[in-house]
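As given, the protein sequences belong to chains U and G, one line each in that order. Be aware that the first sequence starts at 1, since it is given in the working numbering, and climbs by one per residue. Be aware that the second sequence starts at 1, since it is given in the working numbering, and climbs by one per residue.
Simulated from the structure, these hints should not be mistaken for lab results. Since the model is a prediction, treat every value here as computed from it, not as a measurement. In this text, a Cβ means the ideal position worked out from N, Cα and C, and glycines have one as well. Just so you know, not all the hints are guaranteed correct.
[As the list claims (entries may be wrong)] Coverage of chain U stretches by chain G, computed from C-beta distances (three or more under 8 Å per stretch; other residues unrestricted): (1) 16-23; (2) 276-282.
[As the list claims (entries may be wrong)] Once the Cα atoms are required to be at most 25 Å apart in a straight line, the calculated SDA-like pairs of lysine to any residue come out as: (3) G:K192 x G:F206; (4) U:K134 x G:F49; (5) G:K129 x U:S278.
What follows is each chain in one-letter form.
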Amino acid sequence: MIAMRRGAIGLLYAAPALAFVAFFVLYPMLDLIGMSLTNASLLGGSEFIGLKNYVKAAGDATFWHSLAFTTKYTLLITPILIGAGFLLALLAVEPSRIARLTRAVVFMPVVIGLGSSSLLWVWLFDEQVGLVNKLLLDLGLIGQPMVWFADATLGLWAVILSIVWKVVGYGMILLVSGIQSIGADIFEAAMLDGAGFWQRVARITLPLTVRTIALTTLVSAIGSMLAFDQFYIMTAGGPKSQTFTSVYWIYQNSFIYFKQGYGATLSILLMAIIFLASTAQLLLMRRGART
Amino acid sequence: MSAAPQSSRGVARVRDERPPRLARRGAFARPGVYLFGALCLVIMALMLFPIAVSLMASLKTSVEASASPPHYFPSQISLENYARVFHYQAGLPTYLINSFSVAFLTIALCLLLAVPAGYGLACFPVPAKEAIFLVLLLSLMAPYQALLTPLHRLFATLGLANTYLGLAIIHTVLQLPFSVYLMRNSFEAAPKELAEAAVMDGAGSFQILWWIFLPAALPSVVTLVLFAFIASWNEFIAALIFMNRESGFTVPVMLVGVRQGHFGAVDWGAVQAGVMISILPCLLIYLLLQKYYVSGFLNGAIK
Numbered sequence: 001m002i003a004m005r006r007g008a009i010g011l012l013y014a015a016p017a018l019a020f021v022a023f024f025v026l027y028p029m030l031d032l033i034g035m036s037l038t039n040a041s042l043l044g045g046s047e048f049i050g051l052k053n054y055v056k057a058a059g060d061a062t063f064w065h066s067l068a069f070t071t072k073y074t075l076l077i078t079p080i081l082i083g084a085g086f087l088l089a090l091l092a093v094e095p096s097r098i099a100r101l102t103r104a105v106v107f108m109p110v111v112i113g114l115g116s117s118s119l120l121w122v123w124l125f126d127e128q129v130g131l132v133n134k135l136l137l138d139l140g141l142i143g144q145p146m147v148w149f150a151d152a153t154l155g156l157w158a159v160i161l162s163i164v165w166k167v168v169g170y171g172m173i174l175l176v177s178g179i180q181s182i183g184a185d186i187f188e189a190a191m192l193d194g195a196g197f198w199q200r201v202a203r204i205t206l207p208l209t210v211r212t213i214a215l216t217t218l219v220s221a222i223g224s225m226l227a228f229d230q231f232y233i234m235t236a237g238g239p240k241s242q243t244f245t246s247v248y249w250i251y252q253n254s255f256i257y258f259k260q261g262y263g264a265t266l267s268i269l270l271m272a273i274i275f276l277a278s279t280a281q282l283l284l285m286r287r288g289a290r291t
Numbered sequence: 001m002s003a004a005p006q007s008s009r010g011v012a013r014v015r016d017e018r019p020p021r022l023a024r025r026g027a028f029a030r031p032g033v034y035l036f037g038a039l040c041l042v043i044m045a046l047m048l049f050p051i052a053v054s055l056m057a058s059l060k061t062s063v064e065a066s067a068s069p070p071h072y073f074p075s076q077i078s079l080e081n082y083a084r085v086f087h088y089q090a091g092l093p094t095y096l097i098n099s100f101s102v103a104f105l106t107i108a109l110c111l112l113l114a115v116p117a118g119y120g121l122a123c124f125p126v127p128a129k130e131a132i133f134l135v136l137l138l139s140l141m142a143p144y145q146a147l148l149t150p151l152h153r154l155f156a157t158l159g160l161a162n163t164y165l166g167l168a169i170i171h172t173v174l175q176l177p178f179s180v181y182l183m184r185n186s187f188e189a190a191p192k193e194l195a196e197a198a199v200m201d202g203a204g205s206f207q208i209l210w211w212i213f214l215p216a217a218l219p220s221v222v223t224l225v226l227f228a229f230i231a232s233w234n235e236f237i238a239a240l241i242f243m244n245r246e247s248g249f250t251v252p253v254m255l256v257g258v259r260q261g262h263f264g265a266v267d268w269g270a271v272q273a274g275v276m277i278s279i280l281p282c283l284l285i286y287l288l289l290q291k292y293y294v295s296g297f298l299n300g301a302i303k
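If we strip away everything but chain U, and leave its shape as in the complex, we get (with noise of 0.2 Å):
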């Protein structure tokens, strides 16, 4: 009786958020399924036509490129940011100063804001004004000065390049803190043995480390699958749409074309994509959770 009017009492401090959810989050997506069945335009207009935008979608050569392109670049940087992320947490796990200051610099750039940091390294690959040129030629690495963004591939490393370092210090220190959990007896027992710093680090800190190295994986798969700002910023889905990524295509047919059936189309064939990502994040984390 009191256990079920203290459920009761519960449920009222959870139904705000609840309501919240159902209304902004629920509500918006069975409407997103709803609007992918119709022609629905932001000029006005909505009827349905049944399956009409997932035959289309099929048959959309910058839809499938996008997603391609998206898929190509996760592929691309998840490995570099979790490889360097975790040869940073290797040294910035030290204990001393100039470790943590380390840290807490690779850190830094993770607060910044995307658009700020996309804006900061367009300037720098700038053909004219760009320190990045004016880096490799007086370097002599370059003969003169190349246009970055006129070129898909050196557009998409110009990118990753900012990327990596704007986010490479959160997969630092969520490895940092991992393998700080490691039992320090361990290491112990491993340098009695006479095992050597990458022995240690093959034979322990990275199978130990392997549920946190997973989940920052997920996790940066996830944001980059759904990456926009840098794109939209940096390479504006250039050159001949060839950078478009799948949110960046959402965007230019809801908001930039009107066509918002079949953008909500598009949103839920990515959604569906991210569903399956992220259903194996939480599994990971409440794994983690029990142990």
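For chain U, the structure is supplied; the task is to place chain G on it using the hints.
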């Protein structure tokens, strides 16, 4: 490799002062210590380079900031780039007020929703607790980027388009899972004895939240506020779509406008001045309140 070296200078000394059991992380022997220090310095230089050159570019004169080829250092310090950003279109104060207003509303919404929800789930035998928790984490699985199209339609109906509250609602959608997760965890970790005694004394559930649980969870509340502020301040795509009136732009959207400039010529000096202004609040929070900020990442790394 051996344990801590017996050097009495620099990096090594810091390590010598620690208890011997910590020496296991001192994985580098004496010659390694200098290499280690050098490596740290190189990494820090690489990480600081972009911000340092952007700061210097923002302090150049506008002619020098647009010079091609560029120079690393300004030949004279000038604030004219900052002055031009200040007077851009509706004026920087307008855009700062927009960004701060949305951020404060986001903080308020996150607190009002996540603190009670975390309390309810942590301290009461709520039926189907885990299912409710998962519903509250729903926007993790349904990314807000994919919901912008139906939200735009909903906001047009509700009259929330181009309003601070509208954008703050989207930023709350973005930030709520983290906030609820954080508050639930910290209420669960709070000692329950005091609360039980208060129940015996006839205290109501709200009094217990206000006088016992909230003070115990104060560090988490600070973390929640910092994360909500930074997320809202930095958020770009929703601000771009929902605040489409010039005078309603938030700072990042304004900066994109500054870059587009007039008649095709990009005013790079002004853009870098704007970048410096936009990252200042985030850097200040990071430098002054690092403890709360980093602990948020470690305790609820689900973003």
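Status of each hint after checking the structure:
1. 16-23: Since three or more residues must qualify, the claim that chain G covers the region 16-23 of chain U holds, with 5 doing so at under 8 Å.
2. 276-282: holds (count 4)
3. G:K192 x G:F206: Satisfied, since the Cα-Cα distance of roughly 15 Å is no more than 25 Å.
4. U:K134 x G:F49: Holds, at roughly 14 Å.
5. G:K129 x U:S278: holds, 20 Å
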